[in-house]
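Fit chain B to the known structure of chain A by using the hints.
Residues per chain, in single letters:
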Amino acid sequence: MDVKLPQLAEGVEGGTVVSILVSEGQEIKKDQAFMELETQKAVGSIPAPQSGVVTKIHVKQGMEVTVGMVLISIEATNASTASPSAGEAAPSETTGKAPIAISTTTQTSTGTSSSTDDYRYQSKSGIPPPAAPSIRKLARDLDIDLTRVRGSEAGGRIVLADLRAYIQKLQQLAYEGGPAGVVASIPSMPAIPPTPEAIDFARWGPIRREKMSPLRRTVSRRMFESWSTIPKINQFADADISTLLALRKKHAPAYEKRGAHLTLTSFFLLILGRALKNHPRANASMDETALEIVYKDYRHIGVAVDTEGGLIVPILRDVDHKDLLQLSRELHAVTEKTRQRKIAIEELQGGTFTISNQGSIGGSHFTPIIYSPQVAILGIGQGQAKPVAMDGKIAIRTILPLCLAYDHRVLDGGDAVRFLKDIIAGFEAFDEADIKLKE
Amino acid sequence: MEPLTTEIVVLGAGPGGYAAAFYAADKGKKVTLVEQNPRLGGICLNVGCIPSKALLHATDILRETRDSALRGIEYGAPKIDVEKLRSWKNSILDKLGHGIKTLAQHRKINLIQGRGHFEDSQTLRVETSEGQKFIRYDKAIIAVGSKPTMPNAFDLGNPRVMTSTGALDLPDIPENLLVVGGGYIGMELGTVYAALGSKVVVLEALPSILAGIDADLARPVLRAAQKAFKEIRLNAKVLKMSTVGKQIKVTVEIDKQPREELYDRVLVSVGRSPNLADLGLENTKVIKDDKGFIQSNAQQQTDDPNIYAIGDVNGGALLAHRATKEGKIAVEAILGEPSTFENIVIPAVVYTDPEVAWCGLTEIEAKQKNLDIKIAKFLWGASGRALTLDRPDGLTKLIIEPDTERILGVGIAGSGAGELISEGVLAVEMGATARDIADSVHPHPTLSETLMEAAESFYGTATHTLSRR
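The listed protein sequences correspond, in order, to chains A and B.
When we follow our numbering, the leftmost residue of the first sequence carries the number 1, and every step to the right adds one.
When we follow our numbering, the leftmost residue of the second sequence carries the number 1, and every step to the right adds one.
The shape of chain A in the complex, shown without the other chains:
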């Protein structure tokens, strides 16, 4: 059987082959990982759908593959073919989730992805999609495959409006840097929106070029999207965390004994979980189509993690229902998993708010970019000892630089300041009861 790349997750259409864990002629067991794939979101392994012998490996390390592409061929060993029905059922199992049938010629000729658009006109009669000769000529001239264009007229007939909509979609995707496959499938458009002018940097000295990884491309696309579409405001603030630090110092050994490392970020999670509960708009999203604000009755906070491959934001679920011990343990586990690129794609989805803490590296006030479709993000710098006025006297306190970036379409200045004040109060008036471990 040919093992095709299954649909990995919503919106993930393919990735780059990181490593191939089997060789031709090797025996493989069902569910044994045979390949590692870097997608736009993570690195994951692909399990074998059945036991057998690997007869052919169709991909190479570094190759880009898309959903539906044949990765390897497995010939069932005698034991597993004993029941013929099992052999027949297996292929549909693996291909069932992969809606795109990509012809072998496309794969071999380009060696890369062919498409990520799941629409394909298919006729039992094997005839091309219905379209007037004039539309077909136009498509030919523009080198557009009409089987990918959805026809809106009776019987799925493609009219000029459909072709126009399709081209607009392609253009939009091209400018967004788009799901890489879609853009790559259009021969005339590069995968990344080109700089207006191709600059030859080598004119001024030696250079080195590195292909942007799928993760890098996703990060750049999402950042560009957010930056260019969200009217945002950056609200700066400072929080005095001297008391909080003292409490941490006092209780950290107890946490260590329980195998938990009490980081500042776990405090932030606790404080923000509560603040978000009191300020539901900061936890909301905007539905631009329905023109509605979507309030979410859960608080899942994303924590930006700096990895070798680039920025990844894993999500901690229901932070408002968890205590400091749970949060510190979970945070540690999730961060480690993320750094090792072993985080599952599902663990990166569904966040309602994000914190970006640069404190462990350094840095003062900075303006973070909102992680759309969330409406706010809190950027945290490094706490520093500063002279401040306290009860009419100058005192040296540890001051944490904060910046709340928020989407002004959903949150107004008043909302944001009240939310930020709550957060600051959470830092400055941290209750020892929240840190004290129960025996």
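Hints are supplied without guarantee of correctness; some may be wrong.
Straight-line distance between alpha carbons at most 20 Å, and here's what the computed DMTMM-like set of lysine to aspartate or glutamate pairs gives [unchecked claim]: (1) Lys328/B to Asp141/A; (2) Lys124/A to Glu363/B; (3) Lys211/A to Glu176/A; (4) Lys296/A to Asp415/A; (5) Lys124/A to Asp372/B; (6) Lys30/B to Asp138/B; (7) Lys124/A to Glu429/B; (8) Lys137/A to Glu337/B; (9) Lys137/A to Glu332/B; (10) Lys369/B to Asp403/B; (11) Lys230/B to Glu337/B; (12) Lys56/A to Glu75/A; (13) Lys296/A to Asp240/A; (14) Lys211/A to Glu288/A; (15) Lys230/B to Asp278/B; (16) Lys169/A to Glu288/A; (17) Lys246/B to Asp138/B; (18) Lys249/B to Glu261/B; (19) Lys199/B to Asp216/B; (20) Lys342/A to Asp306/A; (21) Lys124/A to Glu253/B; (22) Lys30/A to Asp2/A; (23) Lys377/B to Asp403/B; (24) Lys137/A to Glu261/B; (25) Lys277/A to Asp320/A; (26) Lys240/B to Asp264/B; (27) Lys257/A to Asp434/A; (28) Lys147/B to Asp289/B; (29) Lys288/B to Asp120/B; (30) Lys124/A to Glu332/B; (31) Lys60/A to Glu24/A; (32) Lys277/A to Glu428/A; (33) Lys137/A to Glu429/B; (34) Lys27/B to Asp141/A; (35) Lys124/A to Glu342/B; (36) Lys421/A to Asp240/A.
The set of hints was computed from the structure by calculation and includes no laboratory data.
In this text, all values refer to a predicted model and were calculated from it rather than measured experimentally.
Showing chain B alone in chain A's frame:
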């Protein structure tokens, strides 16, 4: 001698060749058109479509006036002046041929009368009345067409054994005419001679006439021919022919029994073969397929990148309008446009009595390809217009893809089917559904309504027939 130079040379001035030459000239190319016949227009105009249709029209009147007696209008016996009929027919050919020449001259196309022969992939030698001419070209388009096949066993060197070319020349009206081959050419010309008064016998080796055409469309033609002709013999073949005085003795095999018969003339219409002998293709990279036709791709390009081939030389359906379309595609391909001969609907018309026309998918093809289709039919017996024309012997059918209700093919048998089929072509090219045709108002009373009613019958709501539901 200094060779002539041209951007495009077109070899053959039939409907494929002259259309290609005109189109290339209109697109600004320097074009040379080479034709051996002094009258332009190729087979179609000289010995094909046009003369046969002229004769069919003239003789159709004979049948009409005869049938007219049943409607209470009687004419006297017709007087047929074969010479006059022939010269009327020829006058049409002259007029059209002259028209093409004028159009070519106005386009500043260099016309050379002579026989072309390829010297190499970029040189054509032309044998003209003024001697040899050499043409250096960038691209050549071969459009030399086909000729009727005359098996050696039948080739007695006797003009009484004719091909369609001889029959169209209308030498006389033979009392007894044998037509060998019940394909469309044999049936069309048999119709002409039967109307002129010949006793026509058709011999067909296959179990049906008009092989390759859906059986239900061929049936009205068979019925009418059985009345008009003396006899139609299926599963029959000719074993031998010989000259006996002013007649031809033909030994035929019927029911595996040989029988000898005498005919005044024999029309051999067993197929056509490409005019590729002596063309010098061996000096080029052009490759022929196993049937002897030129092998060309969807851009009409042959295996020789400088040489394109259009029309009958490519085999397949030997139709003038296909050659014309291929000619335009070849020119566009030469101009670097992304044209291809793919998914193009080529209609076909057989000018028998009644006519048969079809386009797109046929039932036979659907069966070969094992496609799931639905057929929607309308019998002309229920058409008011067909009855007023006294021609209820017709049938209109649509071949429909069930899931999408899209029309994949249209077939019509009946009077004027050739004129009716273009609506079918448009429907198939546009990807129309049966609903599209059913909802388009067709004028009453016309034969075109049969298309609408056939579409309605797909939904079980045809006005003039009862639904099977």
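Violating hint indices (sorted, rising): 11, 13, 14, 15, 17, 19, 21, 24, 30
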